[in-house]
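Once you have looked at the hints, place chain R with the ligands on chain F.
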Amino acid sequence: MSAAASTETVAPLLSVEHLRIVAAARRREDLLVEDVSFAVHAGEFLGIVGESGCGKSMTALSMLGLLPGPNVRASGGRVLFDGQDILTMGGSSLRHLRGNDVAMIFQDPMSSLNPVQTIGEQIVETILLHEKIGRERAWARAVELLAEVNIPAAAQRARDYPHQLSGGMRQRVMIAMAIACKPRLLIADEPTTALDVTIQAQILELLDRLRRERGMAVILITHDLGVIAEYADRVLVMYSGRIVERAEVASLFAQPLHPYTHGLLGSVPPLEEEVDELVAIEGQPPSPGAWPSGCRFQPRCPQSRPECASWSVRLIESEPDHAAACILHEHGETSHAD
Amino acid sequence: MLIEGAAGPDLIRVDNLAKHFPVTRGALLRRVVGTVKAVDGVSFAIGHGRTLGLVGESGCGKSTVGRLLVRLIDPTAGSIMLDGTDISRLDGEAMFQHRRNLQFVFQDPMSSLNPRMTVEQIIAEPLVVQGAPVAEQRARVSELLALVGLAPAHRTRYPHEFSGGQRQRIGIARALATNPRFVVCDEAVSALDVSVQAQIVNLLKRLQRELGLSYLFVAHDLSVVRHMSDDVAVMYLGRIVEIGDRRRIFAAPAHPYTKALLSSVPAPRQSARREARTLLSGELPSPLNPPSGCAFHTRCPVAFARCKVERPELRSVETGQAAACHLLD
Ligand SMILES: Nc1ncnc2c1ncn2[C@@H]1O[C@H](COP(=O)(O)OP(=O)(O)OP(=O)(O)O)[C@@H](O)[C@H]1O
Ligand SMILES: Nc1ncnc2c1ncn2[C@@H]1O[C@H](COP(=O)(O)OP(=O)(O)OP(=O)(O)O)[C@@H](O)[C@H]1O
Ligand code: SF4
Ligand code: SF4
Ligand SMILES: [Mg+2]
Ligand SMILES: [Mg+2]
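Chains as they are written, first to last, in my numbering: chain F, 1 to 338; chain R, 1 to 329.
For reference, chain F alone in the conformation it holds in the complex (with noise of 0.2 Å):
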């Protein structure tokens, strides 16, 4: 929390600036992310949260210059890190970038991983890269990376090829080689979707004590809001390729301005109480090139009016650090009978 009550004095280390971002399709072109902005600070722990096809994967890859190309382009808007426009970095830059300050982990492990090679081996490479050092000493940092994050027998297991390994013990040693050069931002995209619920409870611990070792911020994307509300210090909705609300992590489940979270926070059921039935949204997310004007949930949202069609969309901040994209929210209105 310390990170996030010094949100005001210190700069931040990224900063998302209004982006875009559009895929080319046949004589069109389909918006995939609009108008998203926010901030991450040194050692933050900041959740995206949303449902498939939002937009959150291509955030986090535009971050890093990694938008899957030569059809999906930021179109609009700045991602500074450090000040500097990470959209217009060149080849070289871009590399020293996700070489030294920005890592980046994926749900499957075993698509970045090479089958032939020893994970050992793997991660030396990762750590000559960026460090002049020889193979040896290379070698004894990545047992001790390994031992790091956690893999029992880390010496015999660097040994290893990357299917001799569980899910878990891969995503491990995509974590290993992820912070083998100290970044000073890692970007987890559902790292643990594919795992087992005690697996996941070791990764995340794993990823939040590193994150307070090395004073590293953490960008986390997930579809469970379980994940946010344990780790996240704050968290962004997204819904159809916008930011629908922001917010603290505690304020977000205590009081969701915004009808979405409002009814996704509704769709889990919760592990402490008994409910009757769980308050689904109807219909299903629309995909881009389908998306309503104006307000894009108002097919779904239950308190929609007219003007919900023709609403200029932007997030309204009705409390410090806690906005929601609604027109409920303009007039200082709340988004919940209750």
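Worth double-checking, as some hints may not be accurate.
[Stated by the list, open to error] Listed next, with one range per pair, are the computed distances between beta-carbon atoms:
| # | chain 1 | residue 1 | chain 2 | residue 2 | range |
| --- | --- | --- | --- | --- | --- |
| 1 | F | Ala254 | R | Ala251 | 21 to 31 Å |
| 2 | F | Asn71 | R | Glu210 | 43 to 53 Å |
| 3 | R | Pro268 | F | Gly215 | 23 to 33 Å |
| 4 | F | Glu205 | R | Glu210 | 42 to 52 Å |
Note that these hints are calculated values from the structure, not bench results. Quick caveat, the model's predicted, so the values are computed rather than measured. The C-beta atom is built at its ideal place from N, Cα and C for all residues, glycine as well.
For chain R with the ligands alone, kept in the frame of chain F given last:
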């Protein structure tokens, strides 16, 4: 009530059920190099209109139990009573009579729906197999579409034209076509977006109320399992380590593994549950070479000498709750 001496007649009663898979090596000369005891001596009962939730880590045998119950695979040992008849060894015509009562809903609707068939053909397929007249099939499809919340116009469309949630509705409609009494839902809502998952969970509950269905509900999301189930069974490496009334299992778990599983569920900060949590270290041992004695002893925070050598049996802890742990002696 779950383990022994049931009061009323149960719809499903499983006794000492086992499924062992041979493990083979070599491409040409396939040698059997071992067995995986995917399910190893599992017993439980499911009452009429009730749901048994089944939880446990990946590979512990949940899907295998489900597939055994609907006789997609044959058991190595044990019995499966459906309304008093042992169906575990039936085949051919004798099994055919029972098939319509046992259905399955899969995790990934796309891979279980034939992409070249229309929704109507997909939903009617089990009826065709049962030899229902065409007029009856058509009428039943209309009924089923309405039941699961799909529009009449959807019947002529193909699976790829639907969203994940809608495809799962098609899968459910197909499972219900023959008016079954028992449905295995194997991770049926796991791949869906949260808001859509809630719709399907509500649908499954409503169908259970209206049609008196019994479910085996397999899911890795413990809060969804709690919401859906009357009773819950916790599996570890092919065996049930704890079983009982869901309220007891979630409020007062008796087995160290159940406790660990529950404390792995993310908890809001400053909550009592977070304070009390004990995270499991280590990973699931290989099912090819399971630990001796209590299979959980390699990860159990309270294991002691006896755990390595002697396997604990399920014993009653409370009314409607049983667990397999030496500490409960
Ligand atoms: N290469 C591509 N070309 C065009 N559109 C794409 C491409 N990759 C993704 N999209 C679209 O961009 C939108 C945003 O995708 P993104 O991967 O950011 O979603 P997400 O929020 O990460 O979803 P998920 O939870 O499923 O990972 C989606 O609707 C997707 O279909
Ligand atoms: N046809 C088969 N041949 C050999 N082994 C099998 C077969 N089917 C399952 N197994 C093994 O049996 C064990 C139990 O598998 P099962 O699919 O029942 O687990 P599960 O609990 O459903 O896991 P998940 O949560 O990953 O779906 C696993 O070790 C699996 O590898
Ligand atoms: S702007 Fe209108 S439609 Fe959108 S969330 Fe608010 S009330 Fe609902
Ligand atoms: S029998 Fe021993 S190892 Fe097994 S759960 Fe009980 S205490 Fe732990
Ligand atoms: Mg994604
Ligand atoms: Mg399974």
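### Task
Could you tell me which of the hints above the structure violates, numbers in ascending order?
Nothing - there is no hint that the structure violates, so all of them hold.
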